[in-house]
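Chains as they are written, first to last, in this note's numbering: chain V, 1 to 249; chain Z, 1 to 389; chain Y, 1 to 315; chain L, 1 to 231; chain P, 1 to 430.
Since the hints were derived computationally from the structure, they do not count as laboratory data.
Hints should not be assumed to be uniformly reliable.
Claimed, not checked - Cut-off 27 Å, straight-line C-alpha distance, at most; resulting in silico cross-link-like pairs (DSS-like, lysine-lysine):
hint, chain 1, residue 1, chain 2, residue 2
1, L, K190, Y, K161
2, Y, K88, Z, K282
3, L, K101, Y, K88
4, Z, K5, Z, K25
5, V, K238, L, K190
6, Z, K335, Z, K282
Stated by the list, open to error - Covered stretches of chain L (chain V as the covering partner; in silico rule of three or more C-beta atoms under 8 Å from a C-beta of chain V):
hint, segment
7, 125 to 132
8, 162 to 171
Beta carbons: idealized from backbone N, C-alpha and C, even for Gly.
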Amino acid sequence: MSAAIEVRAVEKRFGNVSIIRDLNLTVAKGERHAIIGPNGAGKSTTFNLISGHIKPTSGEVRLNGDVISGLRPFEINRRGLSRSFQVTNVFARMTVWENVRCAVLWATGHRYAFWKNVDSLPEVRERTAQILDDIHLTHRRDVPAGLLTYAEQRELEIGITIASGATVVMLDEPTAGMSHAETDRAVSLIRRLTEGKTLVIVEHDMSVVFGLADRISVLVYGHIIASGTPEEIRRDPKVKEAYLGEEAH
Amino acid sequence: EDTIKIGYIDPLSGGGASVGEGGLKTFQYLADEINAKGGILGHKVEILPLDNKTNPQESLVQAQKAIDAGAHYITQGNGSSVAAALEDFVTKNNTRNPGKEVLYFNYAAVDPSLTNEKCSFWHFRWDASSDIKMEALTNYMKDVPSIKKVYLINQDYSFGQSVRSDARKMLGAKRPDVQIVGDELHPLLKVTDFSPYIAKIKASGADSVVTGNWGQDFALLLKAAADAGLKVNWYTYYAGGAGGPTAIKQTGLDHQVFQITEGFPNSGNQTAMDFEKAFRAKVNLSLWYPRAVNEMRMFKAAAEKANSIDPVKVAAALEDMKFDVLDGGQGFMRKDDHQFFQPIYVSSFGKLAANEPFDEEGTGWGWHLVSRVDTPQAMVSTTCKMVRP
Amino acid sequence: MLELVVISTLNGVLFGMLLFLLSSGLTVIFSMMGVLNFAHASFYMLGAFFGFQLTKWIGFWPALVLAPLLVGAIGMAVERYGLRNTHKHGHVAELLLTFGLAFAIEEIVSMIWGKSPLDYRVPALLDFPAFTIFSTNYPAYKIFMLAVSVVIFVALLVVLKRTRVGLIVQAALTHPHMVGHLGHNVGRVFMAVFGVGSALAGLAGVIAGPALVTQSDMAASLGPILFVVIVFGGLGSLPGAFIASLVIGLVQTFAVALDGSLASAFGPLDPSAGPSVLTDIWNVTIAQVAPIVPYLLLVIILIVRPMGLMGTRES
Amino acid sequence: MLEVRDLHAYYGKSHILQGVDLDVAAGEVVSLLGRNGVGRSTTVKAIMGEVAPQGTIRFKGKDIAGLPSYKIARLGLGYVPEHRDIFPSLTVRQNLLLGIKDTRRPGKWRLQDMLDMFPNLAARADTAAGVLSGGEKQMLTTCRTLMGDPDLIMIDEPTEGLAPLIVQQVGDLIARIAEAGVAILLVEQKLSIAMRISKRVYIMGHGRVVFEGTPDDLKANAAVRQEWLEV
Amino acid sequence: MTTAPTSTSKVAADASGGSLRFYGVWLLGIAALIVLPMIFSSGGSLTSFSLIGIAIVFALSYNILLGQTGLLSFGHAVHYGLGGFAACHMMNAVVSHGWPIPLPFIPLFGGLGGLVFAVIIGWVMTKRAGTVFAMISLGIGELVASSSLILRSVFGGESGITTDRTALPKMLGWSFGPQLQVYYLIAFWLVLSAIAMYALTRTPLGRISNAVRDNPERVQFIGYDPHVVRYLAFCFAGFFAGVAGGLAAINFEIANSAYLGAIQSGLVLFSTFIGGTAYFFGPILGAILVTYLQLGLTNLTGVWQLYFGIIFIGIVMFSPGGIAGLLMMHRPLIRAGTLWTVIPSYLVAIVPTVALACGVILTIETVARFSGGDPINLFGIAFNPTSPVTWIAAAVLVVGGFFVARLTWRRIADAWDRAATVARDRGYLA
Ligand SMILES: Nc1ncnc2c1ncn2[C@@H]1O[C@H](COP(=O)(O)OP(=O)(O)OP(=O)(O)O)[C@@H](O)[C@H]1O
Ligand SMILES: Nc1ncnc2c1ncn2[C@@H]1O[C@H](COP(=O)(O)OP(=O)(O)OP(=O)(O)O)[C@@H](O)[C@H]1O
Ligand SMILES: CC(C)C[C@H](N)C(=O)O
Ligand SMILES: [Mg+2]
Ligand SMILES: [Mg+2]
């Protein structure tokens, strides 16, 4: 069985700066994989490379065994990979309901249809309602997304990401800016929603990382310096030095 | 008693506004003149100003508005493209709404096709069509031996094209020795700098330029010529329009710019000159449209002859009607195509002689008679197959 | 032939510089504030009419200074009381505001000065041929226009390099509050930029007024081509606008100078075919299509290089 | 140096600040703590004039309530907002240069100092700031405000989204700023840094200050921590 | 008929009554279209209604771009114009070949004309949104308009091509000579197109267009290619603009280059924005207002352009959501039952505001007619533009009106705040 995501010898240069150097990463199917690393290490860039937002300078990325590097984001998404953004990135003028429904449409096969009434597509409606329920935003369904509070927007961001039913979900700092209580809620939400799926997550909040991840990779200066179970990572002196500092839990 | 409403459909905004305003003032002056003498058969005349923005489609909206306001007559002049649309419109309107006919008096749109293949019983034209004018102009030019190389520059639309093709045809026939060294069409009212065109004229070695340009297309053309120091003779249709005289004076082309018209301020005809004087005093413009005077006065005469202001009867009365025109001599409205024929003048612009009282645009220069073509010589044939109601 | 080439080149450069004179203010405003100012040509017209009136009262040279200042003041008022309130509603609203303004200005001008062209003359001091080449005169006034354009170009380049106004405005487009927190008076900077842009348009009006017609429709006839210049040159790039002006001036002039058509190159089509699109295309001369060449250039460059000739960003 | 008395502020009709009082003396480091949404950010925004304030705000003895924010900034009050409002289309260098209020009067902090302090920024000096990583953006905003040579700097949640190691670095940076004699009003959630470097702490709840004291006072007072900080 | 974001909690309760109300609005609209000409039967009103109908279809088609997909086009008239030409050519062809196609089908060919061009040119145009798209559309607009003057055999040069709608095969005994019959034809197509365009907003494509408008980048990560979405929206907009052009061709029996030009493109942008892009019915209101102003103002005053400009500046500055936005602002208040608290302040404000407006009008007309000396007739009172009395009256109205009006506007704002707070408390306002 092939891995969900395989990144092989990927390099990414901007101008003459190499941001990602010889990146190798394997995420097995069904695994919850966290990527941690200092700011500017290239975590978001890695997400961008995998999701097709930018193209690698060299190397290749595989999704479920197929090469996807070079494909456009929507092509990759259609193959079952979905991601969220570090900076909230929702459809501000549309309601919460519309936001999620848009994310459901492609996966339910309605594509660019201009002969169907969106309101009378039962499977779309059910799925949207289900997801709103999951992310606890049902009571806010008719509020324009731009008017939600920050934490609610982060939750909506997660909702949009999982709405397509992708088997591989990538979340970029989903709990950034949330309070402790909100973070706890988000973590259990993520755990529940990604049940049976492959999850790749970037986080700086170590409680989240250690609470959620099966495996952790540490990215420093565009290169993975360590990869392993939470326990191994916690003990790794290189990681301590480069990332955790004294504050390690 | 009812007033007679005449819808004046011409540009009152946009690029053609300066010309349209002049026309409006002229017609209002003429309406006042008629009203002061008791109107037409006791009816007062009222001019409804309607802005068509030089746009054929907008003209139809305005024509409809005129009709809704109770007008049975419309008049228009600026632009043959508009005229074609209006002529078509009145024809359709009159067949579809019998009993509510509308007459269209054309005072300046001179594309020959309006009285040839497109002719309509409901359309009457008081201006000489462009081929008549070209006939007269080339008749004068053929006797000027110094003309050897001619350059044609015209606006790229039906009127400009007919000037161009008539000039080629007629010059070719009357002066086969004259060489056409250039034949230019440029977009209508869009060029802001004519220097490149002047450079071409210059490079061609032309000694004369023939142009039907009007409005800013004429003023800018001459301005560019003045800047570049181009010294040629200009044979024009509309050098007298707004901005033209100023540009000529700046160029210093003393009596080198010729214009072909049905009348001009210093024509020497006393009644015309009296009229000009009164007109200038009141409106503060020179009379660009002597034909408008003929149009309005003849309309009155026709209504009185028919003893009715019903458009159909007036139209019938106009057919083949003879009329003494403002600048002297007799003209007539040909029944076959509803084209008015009248004496035509070639005049030149420059320093004024003692008996020429009128200058233009405060330049101190004015129009001077060069040659006159009488009505019978200013006639052309027509292909019109008039459909009468 | 050589004569035509030389003269066309000269004419092209002169026309191009006039375009630059007209569009420099628009570049400043558009590139810095992102406002598609449809009233720019109207400010240009105001400059011409103010120039005409002031010339009558106090002479050309004082008018050359005063009229742009007046127009600049009007521009500042427009920014302060109009655009500033509209800014938060997005670029379309700003654009429509200037659209409405263009309408109003045209009518106000024709209310005051009428619709006929004015007799606005070149000042006597510059009313002589500067030089003659192939027996064609080049009026001193045109050379003066050229000089002014170049001076403005250089001055703007220096000012924009030297001051941080450009940076402040660009930063304020995304985070106006933050720029304020850093101690910059954003409102005043915006007002000044718009004022300078308008004043440049006014200057162009005073200068171009005598060279072209000064008439109440002069704005409408020049509007779109200015956008072509600055977009073609690349948003945010003054050198781009300068080069684009030259390119468009030259291309258009040479297009007029060329008499060629497909018919003249390959011989006329079979006349029995009758008129069709093909014959239209076959017979049209390059001179006839000259006015649309700039738009063709615009479309092509945007498709190939969306940031324009020298631009660094797309919008 | 900064004196806030009975400060009220509204968003539309909702009454967010209901009488905040606080003081910062020259050169002092003070933290403003509290749970999410209690109005800490609103307090600093009101001081800067981004939210219309009601009440008294004095800075260096001058009443600044209601002044436009650029005037407040020119008095020497710096502000680093929580959402990292960097100017994305400008380069890192240009962002930093914009922090300078008056190019003719060089301040304490030079461009080079900043780049030296954060090698990450130095390496990206000429790239558009929009592509910086989240952490880099945070450093940039703080440095940018420092370039304006403030006497008091108010920093809103500087460590949000930063890696643990960088959090320490930012802590060090703040300490360095304080050493340079700049007063600091730190708005934070992470207790650890605040406790380490501040001289005094305020805790906000329900739109007003509910606790004031030294870090040691706070350590000693479990009830306050429990009730107002959920820890 | 709205795509508005509405209230939070009361939606479910409205749902059952909603569909009834929804169809009610449409049926009411159709009924109005049918009876309108019976109430206002003069030739003038028929012409106006016809033009307004055409303008509505055109503006709605534009809103597919601007309001739904966020594409600002300066060249939308290209499709309108090409639709007009296609319809004219088709009518002439029907007549000359004797095809059995009656007039009511012609707008379809207009639509195809607009569509074909959109299909051909759209793919490169919609590669990007924003300024790039806007500028390309400006360029294409000018290109097509200018080319239409060169390609004389198709476009007929400056004067365009004409046609005769009555020469087509009759349908149901209608010749379509009288304007009334043309009006009903336009009304029929108006209803048809409006329903179709409304339906489009309710389809997956319509919704994704909204998403592309809000955030094209994110759309890519939910499986959609924003380029394709923009392209499809562009094609639909082109089709319906073509239908509008076809209707215009039928109405005027002429198509000329002015159809294609910048002025038409500008007008439709105006109408749409002024009406309000956020609501489906916004462009309808805008089209009605703009067409009406265009037809009506020119009758009232010589300086109509100035009023046109001022009205637009006013709307853009004071009601950026357009007329629809202004109206819909009141909806939560109506639902919350607090509208009545605002009405009195409106009534109070009317008097000084009208006085101010009269003062402005009087000032403008005084200046405009100063040299001509024609009297100004304002609500039946004649003013002499050269008399100082008029100037003083104007000055008093403007200055006094402004200061009093400003006070009353503040009152409105306060009353609004109060009413909105209540509405928010009751959950009708987010
Ligand atoms: N388009 C780009 N051009 C140039 N440099 C870039 C570009 N995109 C990212 N970078 C640089 O690449 C580095 C990695 O950025 P990235 O956003 O991936 O970091 P990160 O690991 O997600 O950090 P953080 O935890 O702070 O979000 C940063 O130094 C950033 O400045
Ligand atoms: N622009 C706004 N409009 C309306 N309400 C707002 C706005 N900004 C903040 N609020 C509300 O004001 C309250 C205080 O917000 P503030 O940002 O000051 O909180 P904070 O203490 O800084 O918390 P955080 O940890 O979220 O930064 C919150 O309840 C928030 O919902
Ligand atoms: C007013 C005129 C200059 C119009 C021109 N003669 C034409 O036929 O189009
Ligand atoms: Mg990141
Ligand atoms: Mg905060």
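Structure-based check of all given hints:
no., hint, result
1, K190/L with K161/Y, "violated, 43 Å"
2, K88/Y with K282/Z, "violated, 52 Å"
3, K101/L with K88/Y, "holds, 25 Å"
4, K5/Z with K25/Z, "holds, 16 Å"
5, K238/V with K190/L, "holds, 25 Å"
6, K335/Z with K282/Z, "violated, 36 Å"
7, 125 to 132, "holds (count 3)"
8, 162 to 171, "holds (count 7)"
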